[in-house]
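Asks: The lines below spell out each chain.
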Amino acid sequence: METALKLKNEDYGGELIQLVSFNLEKEEYGINVLMVREIIRMLNITRVPNTPHYVEGVINLRGKVIPIISLRRKFDLMEAEYDKRTRIMVMEVVGELMGFIVDEVSEVIRISEKEIQPPPPVVSSGIEQECMSGVINQADRLLVLLDLERMFSADERRMFSNVA
Amino acid sequence: MSIDCEDQELLEGFLAETTELLEKLDDDLISLEKNPEDADLMNRIFRSIHTVKGASSFLGFDLLVKVTHKTEDVLNRLRKGELTLCPEIMDVVLEAVDLVKTLVSDIKAGEIVDRDLEEVVAKLIPFLSESATEATVLAPVFASLKEESAPAAPATASDATAAPASTPAQETAAAAKQTAPATQPKAPKVKEPQKAAAKGEELADNSTVRVDVKRLDDLMNQVGELVLERNRMIQLHSDYQSGLDPAGFNDDFGKLSKRLNFVTSELQMQVLKMRMLPVEKVFKKFPRIVRNLARDLGKEVDLVIMGEETELDRSVVDEIGDPLIHLIRNALDHGLETPEQRLEAGKGRTGTVVLSAAHEGNQIVISIKDDGRGIDPERVSRKAIEKGLITEEQLVTMSTREVLDLLFLPGFSTKEQATDLSGRGVGMDVVRTNIRKLNGIIEIKNEVGKGSEFILKLPLTLAIIQSLLVEVEREVYSIPLASVIETMRVNKDEFHMIGGQEVLKLRDSVLPLLRLQRTFGCEETTADRSTCYVVIVGVAEKRVGLIVTRLLGQQEVAIKSLGKFLANLPGIGGSTIMGDGRVALIVDPMGLISGGEAAGARKSA
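Chains A and B are the protein sequences, given in the same order. Just so we're aligned, residue 1 is where the first sequence starts under the working numbering, counting upward by one. Just so we're aligned, residue 165 is where the second sequence starts under the working numbering, counting upward by one.
Since the hints were derived computationally from the structure, they do not count as laboratory data. The reader is advised that the hints may include incorrect statements.
Here are some, though not all, of the chain A residues that point toward chain B, as calculated from beta-carbon distances under 10 Å [claimed, not checked]:
1. Ile40
2. Met42
3. Asn50
4. Thr51
5. Val55
6. Asn60
7. Lys64
8. Pro67
9. Arg72
10. Val94
11. Val105
12. Ile109
13. Met132
14. Ser133
15. Ile136
16. Asp140
Now the in silico label distances, taken between C-beta atoms and shown as ranges [said to hold, decoys possible]:
17. Glu637/B x Arg37/A: 48 to 54 Å
18. Lys378/B x Tyr82/A: 51 to 57 Å
19. Ser402/B x Glu81/A: 39 to 45 Å
20. Ala273/B x Gly63/A: 17 to 23 Å
21. Thr555/B x Gly63/A: 28 to 34 Å
22. Ile662/B x Gly63/A: 58 to 64 Å
23. Ile662/B x Glu27/A: 53 to 59 Å
24. Leu179/B x Tyr82/A: 54 to 60 Å
25. Glu637/B x Glu27/A: 54 to 60 Å
Treat the numbers as computed from the prediction; the structure is a model and nothing was measured. Using N, Cα and C, we set each Cβ at its ideal position, and we do this for glycine too.
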């Protein structure tokens, strides 16, 4: 009896982290809340020529011009029309502000670090393996934890600034 | 050895003051050489050196004291008329001043390097001996000292004392002894480039600004006005919300926005002014450079400087130094003839180089003009073919202006042999690169036999620019007005194709065209219309016509960076925010043109 209780405590112990969860093509993703600067509605996006296909363009965020990336295109998902639930999540990635277009932002959830499981070895949805830092398996939902810093590999960053 | 100074403030004050004095000193010395009789100038030079000496001895910079003390002594003799000024003395004094500069920059860097002072001090000492009343008498002694001291150290000492007729004082002998060990380890030639590099750094050191208190006060005033207008705006809004006088709102709002417009543009001017520096900061070093070059080349040159009070943005000031040095060097080396050649050509012995700066609208125009032999287009084209930069066929199709543009190709040089001064074919390439970086334009005016003029047109500032807004298939782009030469409405039948390149016949020249819609991959939305607009842009010496759908007008825009992820996009220089809050991209004509070149090269390969 005692040992079982201990185990349970350990299960839910560890550090609590807060995640912002959002939807993309009916799947749920999570991102550490500390990465997210703000969440805004869709704005007028100015297309920037000669950029990688997932760069949607740039927007004016209160006087600062920041690049916008379509996560759908980045993950090779089907294109979708923007609707009233579409949001831009403004995040700080490697010291630079960037916006990411997602289908819908749902909530902020708290989980303990213990709940995060390593990502499964094969991913079918086309999300590049390296930017998935884990999976959270709760009773009624499955959350994919993203690490955007890892999304832009050193190679890609170089490509961004040179070839583009 | 690091600097141990108790009072940092004192040290900073000393550095600021000394740097200022030294900058002025160079100028004054050159003027003194031209007017040796000017007692006021002499006294001023003497005072500057004396001040530097006093301050450095107070702070305990012994090396500085030593050099300045000897220099002061020489100047003192000049002042009293015991010595007459001649180029040899001036050379030595200038060298001493250079050494002082090096020492000061060492102190500035926080690290006192144990530099070899003896060489310079030894050169100063001969002028201090009692017998050296006439510099001309002394010159040969000095020359022999210089030549012989390096190879045979012990011999020179005795030689120097025995040989010259002017019976030098003991000091001279001592000097010779000192010179010998000093010169042996390093050849003087090697030192030159180091010195130049040090000077370049000095100029770039611009991390703090000195602002006129009056300008600050003005700025505060403007900000006060801005606050007033803001309060007015808040008032207006609450009036409107409470439903009072909705009819008058329109009127009041119109007035308010007019006033706001006025205040902000004033404010903008004030802030810009604070970033402004007189171009004198760059021009100041040229008399010295010209003097040295002219002496090295055996030419007689009058440098005329005009408009040095013209102000421009500090970022521009930092960038134009190098191109100007190259252009002036070229004017002296290639442009001007030797005195003999000039007399033969029926000109005065002394050549003139005019360096001028002036404002012209929103641009600053800097020109370097010489009255030398001018550029011979034939010689240029022959050289270009010899160097394999162009082919015979290409040459045939070139206009005179295009031939002159060859000067800017990297690797181009008319010199058979590279010398210390020129001939490696780098100089003009540097000029072009820097001017391009600043979004400037280069023009060449040339008259064979009479001289040539290089005109640089630069934007006043790099933070806020005048731009031409254009529409390319429903997307708005902004083109820096500084690089726009003209715009025109053209019928599509007027375009021609030459070697896969669309061109337009414009008066007497052929203009290559670039379809922005294609370059930027915009979706074609409008049906093919028969007319479109061509914006002719110039970068450095190149011209190209950009095809756009519509011209929207001129606007002053603030440049915003696209961030490091989207840096270095070909043809895009940045972005700006429009009145409606949207982002418009700023076209970078330089990138477009060089990108086009690369594409052309790929096509032909």
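Asks: Evaluate each hint against the coordinates.
Replies: Evaluation of the provided hints:
Annotation: interface hint on Ile40/A violated; nearest CB of chain B at approximately 13 Å, more than 10 Å. Contact between Met42/A and chain B, as hinted, is not supported at the beta carbon level, the nearest pair being about 13 Å apart and thus beyond 10 Å. Hint status for Asn50/A relative to chain B: holds, with the closest Cβ pair at about 6 Å, below 10 Å. Here the hint on Thr51/A is kept, as its CB sits about 7 Å from the closest CB of chain B, short of 10 Å.
The beta carbon of Val55/A is positioned within 10 Å of a beta carbon in chain B (closest approach about 7 Å), and the interface hint is therefore held. The beta carbon of Asn60/A is positioned within 10 Å of a beta carbon in chain B (closest approach about 5 Å), and the interface hint is therefore held. For Lys64/A, the interface hint holds, since its Cβ comes within 10 Å of a Cβ in chain B; the closest pair sits about 7 Å apart. At its closest, the beta carbon of Pro67/A sits 5 Å from a beta carbon of chain B; the interface hint therefore holds under the 10 Å criterion.
The beta carbon of Arg72/A is not positioned within 10 Å of any beta carbon in chain B (closest approach about 19 Å), and the interface hint is therefore violated. The interface hint given for Val94/A holds, since its Cβ lies 9 Å from the closest Cβ of chain B, which is under the 10 Å cut-off. Given hint, Val105/A at the interface with chain B, is violated; its Cβ is 23 Å from that chain's nearest Cβ, farther than 10 Å. With a cut of 10 Å, the hint placing Ile109/A at the interface with chain B is violated, because the nearest CB-to-CB distance is about 29 Å.
Taken as an interface hint, Met132/A does not check out: its beta carbon lies about 22 Å from the nearest beta carbon of chain B, beyond 10 Å. Of the supplied interface hints, the one on Ser133/A is violated, with its beta-carbon coming no nearer than about 21 Å to a beta-carbon of chain B, more than 10 Å. Hint on Ile136/A is violated. Least Cβ distance to chain B is approximately 29 Å, over the 10 Å limit. The criterion of a C-beta within 10 Å of any C-beta in chain B is not met by Asp140/A, whose closest approach is roughly 37 Å, and the hint is violated.
Distance hint for Glu637/B and Arg37/A: a CB-CB separation of about 33 Å, inconsistent with the stated range 48 to 54 Å. Checked against the given bound of 51 to 57 Å, the beta carbons of Lys378/B and Tyr82/A, roughly 53 Å apart, stay inside it. Against the hinted window of 39 to 45 Å, the Cβ-Cβ separation of Ser402/B and Glu81/A comes to about 40 Å, which satisfies the hint. The given range of 17 to 23 Å is broken by Ala273/B and Gly63/A, whose C-beta atoms sit roughly 38 Å from each other.
At roughly 52 Å, the beta carbons of Thr555/B and Gly63/A sit outside the given window of 28 to 34 Å. Between Ile662/B and Gly63/A, the C-beta spacing of about 45 Å breaks the proposed range 58 to 64 Å. Remark: the range hint 53 to 59 Å for Ile662/B to Glu27/A is upheld by a beta-carbon distance near 55 Å. Distance hint check for Leu179/B and Tyr82/A: the Cβ-Cβ separation is about 59 Å, which falls inside the suggested range of 54 to 60 Å.
Taken as a hint, the range 54 to 60 Å is violated for the pair Glu637/B and Glu27/A, whose Cβ atoms sit roughly 36 Å apart.
Consistency with the previously given hints fails for numbers 1, 2, 9, 11, 12, 13, 14, 15, 16, 17, 20, 21, 22, 25, ordered from lowest to highest.
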